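A.B. asks: Line by line, the protein sequences are chains A and B.
Note that my numbering has the first sequence beginning at 1, numbered continuously upward.
Note that my numbering has the second sequence beginning at 1, numbered continuously upward.
Derived from the structure by calculation, the hints contain no laboratory data.
Small disclaimer: the values here were computed from a predicted structure and weren't measured.
We put the CB at the ideal spot given by N, CA and C, even for glycine.
Result set (DSSO-like, lysine-lysine): computed pairs, CA atoms no more than 27 Å apart in a straight line:
(1) A:Lys598 - A:Lys628
(2) B:Lys152 - A:Lys417
(3) B:Lys152 - A:Lys106
(4) A:Lys274 - B:Lys81
(5) A:Lys260 - B:Lys22
(6) B:Lys172 - B:Lys161
(7) A:Lys577 - A:Lys598
(8) B:Lys81 - B:Lys164
(9) B:Lys107 - A:Lys506
(10) B:Lys22 - A:Lys274
(11) B:Lys152 - A:Lys104
(12) A:Lys628 - B:Lys152
(13) B:Lys22 - A:Lys278
The following label-pair restraints were derived from C-beta to C-beta distances:
(14) B:Glu8 - A:Ala621: 56 to 64 Å
(15) A:Glu89 - B:Ala43: 44 to 52 Å
(16) A:Pro270 - B:Leu7: 30 to 38 Å
(17) B:Leu7 - A:Lys110: 53 to 61 Å
(18) A:Glu89 - B:Glu175: 56 to 64 Å
(19) A:Glu436 - B:Lys161: 50 to 58 Å
(20) B:Lys166 - A:Glu436: 55 to 63 Å
(21) A:Glu436 - B:Glu120: 45 to 53 Å
(22) B:Glu165 - A:Pro270: 27 to 35 Å
(23) B:Ser174 - A:Arg491: 54 to 62 Å
(24) A:Ser111 - B:Gly113: 43 to 51 Å
(25) B:Glu154 - A:Lys417: 27 to 35 Å
(26) B:Glu8 - A:Ala60: 39 to 47 Å
Here are some of the chain A residues that sit facing chain B, going by a computed Cβ distance under 8 Å:
(27) Ile44
(28) Cys77
(29) Ile323
(30) Asn388
(31) Cys612
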Amino acid sequence: MSPLNNETVQKAFGVIRDEAKRRRDAFREEPVPKIQIGMATCGIASGALETKNAFEEVLAERKIKAHIRTVGCIGHCYAEPVVIMDHPESGFPPIFYHNVTPGKAKMLAKSFLEDGDPLFEHVLGAMEENDLVPQVLDFPRFNQEKRVVLEKCGCVDPEDIYEYIADGGYETLAKTLQLAPNEIIEEVQESGLRGRGGAGFPTGRKWDLARNADGQHKTVICNADEGDPGAYMDRTLLESNPHQVLEGMAICAYAVGAQKAIVYVRAEYPLAVKIVTKAIGQARELGLLGEGVLGSSFDLEIDVFQGSGAFVCGEETALIQSIEGNRGMPRHRPPYPVQQGLGGQPTVINNVKTLASIPPIIEHGATWFRAIGTEESPGTAIFSVVGNVVHAGLVEIPMGVTLRTLIFDICGGVPNKKKFKAVQIGGPSGGCLPEEFLDTPIDFDSLIQAGAMMGSGGMVVMDEDTCMVDVSRYFLDFTQKESCGKCTFCRIGTHHLLNTLERITKGEGRDGDLDQLETLSEDIKNGSLCGLGKTAPNPVLTSLRYFRDEYEAHVKERRCPARMCRTLTAFYIDLDKCARGCDACVGSCPVEAIFTTKNRKKGVDQSLCVKCGECMVACPAEYDAVMKVSPPDLAPVVD
Amino acid sequence: MIQENSLEEEKLILDDIASRLKAFGREREELIPILQMIQERHAYIAEDAIKMAAEYLGIAICEVYGVATFYNQFRFHPPGKNHIKVCLGTACHVRGGDIILENFERKLEIRDGETTPDREFSIERVACVGCCALAPVSVVNETVQGHMAPSKVEGLILGFKIEKEKAEREKKKSEPAQ
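Next comes chain A alone, as it looks inside the complex (with noise of 0.2 Å):
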């Protein structure tokens, strides 16, 4: 590339960046307080929205001068709403407070914005140190994160694309315009990024591979096709700072030699989709899209295109046939989409996460990205660490850290005192691991290892409640699903799979049947074509080595030990607990099973009782009366 074009992409960025910075100073400047709301999906479903709008209220009512700023979301999903407060004058810093209901706004509201008490009941954490408040960053669940991807996620509006630019963005992008493509490719290579989508292939391989294919119409595709149940960073990340993947993108094709790009995003994303396609409008806008990229000769465009919903899409060559208007069934491979992918030209396919790793990567270069991480796997990983733990939400660790270290220091372990029992990584395509293995370490090749997989990140934490044999019989009911139909060994034999687990969890369990469920999953994984079907038997698998006693309770005592298994559980009172006099769980009863004798004693009528627990819920904690049994054969009689 000639030098007058290196000057060009300096001089066109260096506009954008200025002016960038002049607006992120005049809003610091301005000498008002600043209440900042995360508001991407899970915000809003706590209710970020009426917080909003209670500040706002407030706000107009009170007369009180301030400005409300949204961004994404921070990761701390527990927490939602977050709301932090910045009000200078009242000498406290920037205050983080979680859990902010509209009440808790208004109060908020008039005693720190008016008086100047920030409620110390309510916070969480100062953003910065100082001598008043803890700071956040002394509790494990924020400093033991290493944030690389999700960097800039609930510090920046997704909106408005001149605060990415004050905070550093794209800038790695003009940096790129000026090197040959080659230099970003080896670039990449050197700091063995893997993709994060799940099965790990060097990311800068790829881009090589690419590269080097003959082409002319070569495409970046984006894939934001986040399909596993648990598993929510990819929409976190478009929704929080859509602008950090679009300028991966555009390295990305500028290092591939493609012109044409496409998000892929699931249809049940409906704000990220927003998001990204205005992120898209104002990239272009600026020039940082679109022909001539920033005054060079590199002319790009990406598109959005929404998904409709069907697991195997996330499988590249089932995307391409999506794009392309037809099933979205897998083909055999090869040829790799690097060869030929879409309408038959070379075709990169990166996970969001992947593409958003590279900007920092460019910028602070392959050693330091290497420093993170382990040998064969440098660099952060992502979970949504969710089910029975107490600091749900995002995480993003080092790779390397152990699954203790993730679940119990710094997603605070399992809540109500119960036990930890599994950890299921990777959804439908990983594994369940239980205690024995939580000091294994997060990375790509130990977690195959063990018999789970990195996947997109998913993590459901589980406790001695849950029922392993219920939890694979739910991932095949899922997968079984979700399969294309196009391999017999996947359409049918999960099917089987699923009868099998089915009546299992029913009490209706065979011998034979938990060695035939080996066999029958070994076929699935070797008859078929692609990853849903290669993997869908793995939670079977891995639950089976770790908990086949569980398994051999269902079929031989008809017997749920974690009383999951809703055939197999029953409730009851405990009549020597039970203060009789009250009705809570009469009146929870959503159905009427429960009756009162003439002398006041309560029953379960099992021929009615559909074992949704409310009763249990609703007993008051002194009496906590109400039992579950199995095999429901234990519960006593009351007439």
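Position chain B relative to chain A; hints supplied.
C.D. replies: Using the frame of chain A, we list chain B on its own:
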């Protein structure tokens, strides 16, 4: 029993689709965006709409039908006024999502994928809406409801019913005044 739209309604829908189809190209790649447009406008894809799409793109009806039925997103019956999506993702399952679904089914006396005869409610099960930290989750008319419980199901449905009654009462009140 799912009630279908009346003929008049159907005609209006088809006219609308015909006018909007012009904005699309005639390549095969446009098929899924076209189907998505139809569903976004009318909440479901009628049989005649499939025929129109096939004709427009110059492909067989069965091709369009094959694609439309492959993807979970597309519906072929009109949904209820209040559409309820019950999340059955892993986190929701572990926290009792199926119990929530069952409660909706029992309360509304329909199964998932069906619409109540008065076309007020419909239920759909979805794989994951990505709000796992709030499990179990349901999406009622685009509003995500976190931490669902059987009692919350009753409350939600009751809320809609009360609102409907209120609207009807007000309508009655205003009618004699006219």
